[in-house]
Every structure is written in C-alpha cells, then in structure tokens.
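Asks: Below are the chains, spelled out letter by letter.
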Amino acid sequence: MKWLKKWSYMLLWVMAGVIYLSVVDDWQVYAKPKEQIKIWYENIVRNMENLRMDDFTEQAGTATYAEGTEMTAGAEPDGSMPAVGEIVSAGEESVAPGVSTSGNDADSPEDAAQSEPPAAGNMQPSDISSAQNVEKTDDEVIYQTVEDDYFADAVFIGDSRTVGMYEYGGLEETADFFASTGLTIYKLFDAEIVPVEGQKKKITVEQALTENSYRKIYLMIGINEMGTGTVESFADAYRAAVDHLLELQPDAILYIQGIMKVTAQRSGQGDYINNEGIEERNEALKQIADNDRIFYLDVNPQICDESGGMTPSYTFDGVHLKAQYIDIWKTFLKERAVVK
Amino acid sequence: MIFSSIEFLLCFLPLFLLLYGITPKNMKNGILFCASLIFYAFGEPDYLLLLLVSVVVNYFLGLHLARGARLKGKDKRQKKSKSDRKRKNLLAAAVLGNIGVLALFKCGIGKGELPIGISFYTFQILSYLIDVYRGEERKETSFVRFATYITMFPQLLSGPIVNYGEVREALYEREFSAKNIQDGLKIFTVGLVFKVLLADRLGLLWREVQVTGFESISTPLAWIAAFAYSLKLYFDFYGYSVMAVGLGRMLGFSLPENFKNPYMAGSVREFYRRWHITLGRWFCRYVYIPLGGSRKGGLRTVLNLLCVWLLTSLWHGGSLNFLIWGMMLWALIVMERFMARLSGERLVPQGAFKILPHLYLWFVIPVSWMCFAITDLSQLGIYLGRMFGVVEGIQVNSGDWEKALANYGVLFAAGCIACTPALQKLFRKWKDSVWGMLLLIVLFWICVWRLRVEGQNPFMYLNF
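Those sequence lines, one after another, are chains F and U.
Our numbering applies: residue 1 is where the first sequence begins, and numbers increase by one.
Our numbering applies: residue 341 is where the second sequence begins, and numbers increase by one.
Isolated chain F (complex conformation) (with noise of 0.2 Å):
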C-alpha cells in the first residue's frame, strides 16, 4: 500500500493514457513503430532463416543464396526465400498504408483506392466524356465584363482560397459565401459552415442550398484533396457534386474554377501538393465544363509567373493570394461573366 501511494500520480497517469489511447485514439499511435518493429525483426528472421539453410545446402548453392541473403536487406523480398514466407510478408506490406494513415479517416479509404487495380479501367470512361466534350467546346462561350451587382444572386462555394475571397474581396455584402478551411469535395455539402442570422449552430452547405436560390454558383476547391485518391477518382466526386449543386438549384449556372497553383517553391517541398498533380486535376475538371450551364474558369494564367506557379511575391505561404492580390482574382471573374 506504501508503494501504491507513493507511486500514485504516476499510476494515475498510466491509467489515464490507457483509457485514453484505448477509447479516443485505439493504440494507432504505436502502429507506426510497430510496424517498423515488425520489419526490423522479419528482415533479421529471414537472414537467420537463409543463414540457418546455407549451412544444410551444399557446396554449390551456397552463393546463390548468400546472395540472396544480401537482397533481403533492403527492401525487396527476393525470389529464394522460402515461398511461404513471402507471402505473409507481401499481405502484411498491403495492409501497412491501410494501418498507418487510418488515424486522418478521410485519406484511408481513398487510399485504398488508389492501390487498387481498377484505375486502368477508369481511364476509359473519362476518355470518352471527353470526346464528347471536345465537340460541345465548338460553340464559342460569350464571357462580358460585368460589375460586382453581378454577383448578388452568387454563391461562392470553397476551402481557404474562398475564405479569403469572402474576407478580403470586398463582396460579404453582396454574395453569398460557403467557405471553410480545409473543406473537400467530398464532406461538401454535410459540412457545417454555413452561419444563420440569430442562431448559433451553423447550418449544411446542403440544408443552405435547398433553403436558398441562387443564380450563379461559383465553386473553388480541390487543393485539400490532392493527397487523397486519384485524379479519376477526384474528378467523379467533383462531377457528382456538381450535378447535386444544380439539382438542388435548377435555376443556377455554375463556374467549376480550376484549382490555384501554388508557388514553385511550396510544389518542390515534395508532399502531395505539387502544381503537377494540380494541373491534372484541372484538365480533368476542364472535361465537367459543358458550356452550357457549367463552365470552367481558369485564374491561374493571371497569377503565376514563368516557374510555372503562383508568383511568390503574391503569397506568403505558397498556397494563399494576400488580401491585396485577391483583387486579381475577383477582377477575372468579372470579366468572365456569362449573362444569359
């Protein structure tokens, strides 16, 4: 009892991480580690196991197996492992992304989708939709400059690059604005974002269109989505949600706007935003564009320089225009407006 006393804060400490990384967080915290832990001992298993059976090999196939021995070091499993074992560790392997990036929920299942083979087979489809584009693009679209009046049957829907618009492109009063940070096509419109007047729960994007109307939709987002599943399977979620975003405002025109760029910089830091897997995106969001009441604007031209991306002066972190630029922006769309 003196000892339980003595130690008493430490034990209540303990106890406290366990319920805690039981219940919120499911031990995911060490399924890195354990993982690696798992790697390291295979690895040593299988040299000892190739070790055990050079000693009971002959003369002769001893240095094929020796070599052997060496591949299974780094990384790749070899060929002259015993075949049993290279299948538990190749299933393992699979299941590695799965366990490790389960702790963001919103990147696992798209992961998977990636590792899976059917990408191949969504090519097709996108190819075609974009044949038939390619013959709707033969009527020229009729864009005329207008003033910021233009916009006060407008909703602009988006991630940061939005919220920055709606707080620095001096149109609060006259749009509408269903912005958030970090907002995904996929969560758009379950997202609770949407403030109301005299109440302090915020609403859906969904519950705000079905109780509002609109003439002109504006929609701006994708960069959030980059780390997550494939351009085909981005440019399904986005073509789904643009055809709900017109169901639920059958009087509407919408402008799908391609992606920003980010800085040349911010693209070599090397994770998932990269102004390559940007520029994909956008061709694949250009083929949405029908032109007859979807259609697609492209900001970048105007605010990226010869790197290829957003001109660095115009941003601090690589991702986001300064108030001061938004300007640019707000003064393309007005000179890309569609009257009809």
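Hint data in this document are derived by calculation from the structure and do not stem from the laboratory.
Errors might be hidden in some of the hints.
Quick list of simulated restraints, FRET-style, between CB atoms [unchecked claim]:
(1) F:276 - U:594: 52 to 60 Å
(2) F:47 - U:483: 46 to 54 Å
(3) U:437 - F:317: 52 to 60 Å
(4) F:32 - U:680: 54 to 62 Å
(5) F:170 - U:689: 58 to 66 Å
(6) F:47 - U:393: 45 to 53 Å
(7) U:749 - F:190: 23 to 31 Å
(8) F:14 - U:681: 56 to 64 Å
(9) F:49 - U:359: 28 to 36 Å
Source: prediction; values computed, not measured.
Think of the CB as a built atom: it goes at the ideal place given N, C-alpha and C, for glycine as much as any other residue.
We have chain F already, so just place chain U on it with the hints.
Replies: For chain U alone, kept in the frame of chain F given last:
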C-alpha cells in the same frame, strides 16, 4: 526529436526512463549520454558528428586549460610563467574556434540551416572552458561525465545554458526517486500545456496575419497580432524551458529557470533580467563584467551595453532585423538608465500610477518583437507602419480585429493569466492535491490528443 511530439512523449521518454531506472548508478551517465545522442540523431543525423567532435575536442581543451591552475595563489612570478601564457593562448584559440564554427553556420554555410542546438551547446561549452581557465571550476576528467553535461537531452537543443557548477554534484551523485520522477512529470506537463495549448494556438493568429499580408491588416489587428506573437514566443520558449526543467528533475538534476514572469516587469532592463535568463547571465558573466560592467563610468557602461546587445543580436542571427531589434533594446535600456539617474527616487510612481511602467513595457516590447519576427526589412517597415497608421493599407477589412478577438479572446485571457506569478503559486499549492493531480493528468492527455490531431509544431528557438 522535440519534446512536444508523440514519438518523444509516448516512445522515447517511457523507454528511456525504464532503461535509465534499471541501469546501475555508476552507469547512469553513460546511458544518458547514449540516449541523448539518439535523441539528437532523430532530429539532426547530419550534424551528430559535429556535436561529437565538438564534445571530444573541448573535453581535451578543458583538460589542458586547467593545467597549472593549481599554481594560483603562489607567488606572482609564477603566474606570469610560460605555461600561463600558453594557457591564455589556448583559451583564445578555443574561444575563437568554437565561436568560429558557430559564426560560419550562422553566416549560412551548410544547407543554409543551422545545426539544431549549436548556439546553445557552444555557449555552454564556452562557459565551461572559461570557468575552468579562470579556476572557478575544476576540470572534468571523466569524458562521459563531461559529455553528459554538454549533451544531456533535456537541455541540448534549446537550453537552458547550464553552468558546469550548477550540475557538477548531480553529475557525480543524483537521486532517481519516485518523488523526483512524479514532480518532474508534473512540471513537464505545465510546459507541455504552455506549448501545445497556448503557444501553438496563439501562433495561428500570427500565421493568419502573415497569410493575409501586412499591407491588408487594420491597425488594431496589427497590435493584436503583435501581442499574440509576444505571447506565442514566450509560451513557446518558456514552455520548452519548463519542460527541460521537468525532465531534468525526473533524472535528478536541478536545471536553472530561464524565465521569471518577464511580462510583469516594469522596464526593459528588468524584462531582460527575467527573459531567457541563462543567456543574459552568460553575456553578463563572460562579456559585460570582464569589459568593466558599470564600474568604469557612464560612457564605458553605455559602450559595454552596446557590445552585449550587438553580440546578443548576432547570437540570434546575422540578418539585419535582429540588429534593429538589439539596437532598439539597447537604446531603451540606456534611456532607462539615464532617466533613473536623472530623476533618482522622485519619479518612482505611486498608487494607481504604478501601472505606467507596465504600460510602457507592454507598448515597447511587442514593437521590439516585431523587429525580431519579421526578417524582411521592407515587410517590417510595412508592419510597423500599419501599427502606427503611417502606411496606407490595401484592401483592409476594417472589422478584421473584431473577428480576431472573437476567435482568440479566450486564448488571450488564458495567456495573460499565465503571464502572472499566480499560476506558479497555484501550481505549487495544488500539485500534490488529488484534484490538482487529476487536472494535470487530463491536461497532459489533452495535449497528446491535440498533437495527434494537429501534428507537432517545432519550437521557435530551435532556429537559433
């Protein structure tokens, strides 16, 4: 690896404590040294070798610098002896060598990034060498003990800069007990809360302002953001220092405090006696006092202070904004000294006027931190211009500051309370009560949860 990371909190620390606990007493230094190298290698594998070379070379330098020190006190002829001159030359070479390496990295060789912790461990090594040379400390003959002193992970990356005398006894003999571990963990938790729940969150406001662009913030927001940055920097660095002290306590060391409620000071002079104390003390001991301190007349004092503040700016970095920051503080300190001398006792505020010195401090320090924070001079000009309404804003959203206050008001209030000594008093009073302990435990795991959700943020002082 940094303290406020999942790997450290839930992998490295528990494993290390277990290992450290079962290690026999005479090998505890060895295991601490090894663990510290692993700790360092996780964040900075490229410069591990530099750290090791620095430790080995300076270990031998320390041995040689001390030789002949026992002659002290004998007759004066011997003091001027050849070996003494040799020692002096050696010290000069050692100081120049250590500072030279530091300066080379500060000027930007090697990938443009500083090896983590180099400013701190170099200064700690220098303090040891100079103390040994002066005969104020005995040389450390055991390599492991010396290496442990320099590299022990609680203070390796960002201080506090520990004098050898403060930990010498603990390096020989220290207590590893249930009470120390648990007290240390409690202290550590407070630091973690400061870092994760205050500094990182307040930092978001500063980040927002940077993303918006300084041209487009209203004057009130410029001030709010400057206050946010001031609090963020404090809780980032103070949090780190508290964590270091807590870790030290777990292992049986008593590391020095780095902060004593600086924002409660009444003058810039006082502020810097309470802010990053171990660095200020270093400059005082090894630069200011040897130059003559304040004993050689007014002009010399001003020049000595100039020297200290020039070096302090350089320590933080070679760019011009740090020079502006240092010179601003130097000018303010000189002015304060002058005012104090001129007025004597007459100007000491009474009653309600006692708030005046604090208002003055809360006005100048955020301005000085902006010079510290913004490395681009034209941007700095714009920011200061916006603070004082001299620079015309572009696309300013005049209601932005209300939004900032609405979003961050609670954090500001919490931060301000945590700036006062009240929190330390409460901690001392309640840390052993049941509710206090439960609160600390809950806070700890909330921090872990936040770190899981938001990812870790590096400490700001790791850049220096």
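Asks: Honestly, do residue 14 of chain F and residue 681 of chain U meet the 56 to 64 Å range at C-beta?
Replies: holds (58 Å)
Asks: Can the suggested window of 54 to 62 Å be confirmed for the beta-carbon pair residue 32 of chain F and residue 680 of chain U?
Replies: holds (58 Å)
Asks: Just tell me: holds or violated, for the beta carbon distance of residue 47 of chain F and residue 393 of chain U against 45 to 53 Å?
Replies: With a Cβ separation near 34 Å, residue 47 of chain F and residue 393 of chain U fall outside 45 to 53 Å, so the hint is violated.
Asks: Taking the beta carbons of residue 49 of chain F and residue 359 of chain U, is their distance inside 28 to 36 Å?
Replies: holds (30 Å)
Asks: Mind checking the hinted window 52 to 60 Å against the Cβ distance between residue 437 of chain U and residue 317 of chain F?
Replies: For residue 317 of chain F against residue 437 of chain U, whose Cβ atoms are near 40 Å apart, the range 52 to 60 Å is violated.
Asks: In this structure, is the beta-carbon distance linking residue 47 of chain F and residue 483 of chain U contained in 46 to 54 Å?
Replies: violated (35 Å)
Asks: With respect to the beta-carbon atoms only, verify the hint that residue 749 of chain U and residue 190 of chain F lie 23 to 31 Å apart.
Replies: Holds - the Cβ-Cβ distance for residue 749 of chain U and residue 190 of chain F, about 29 Å, lies within 23 to 31 Å.
Asks: So the hint says 52 to 60 Å: do the beta-carbon atoms of residue 276 of chain F and residue 594 of chain U match that?
Replies: For residue 594 of chain U against residue 276 of chain F, whose Cβ atoms are near 55 Å apart, the range 52 to 60 Å holds.
Asks: Tell me if the beta carbons of residue 170 of chain F and residue 689 of chain U are separated by a distance inside 58 to 66 Å.
Replies: Hint violated: Cβ distance 47 Å, outside 58 to 66 Å.
The structure fails to meet hints 2, 3, 5 and 6 from the earlier list, while all remaining hints are met.
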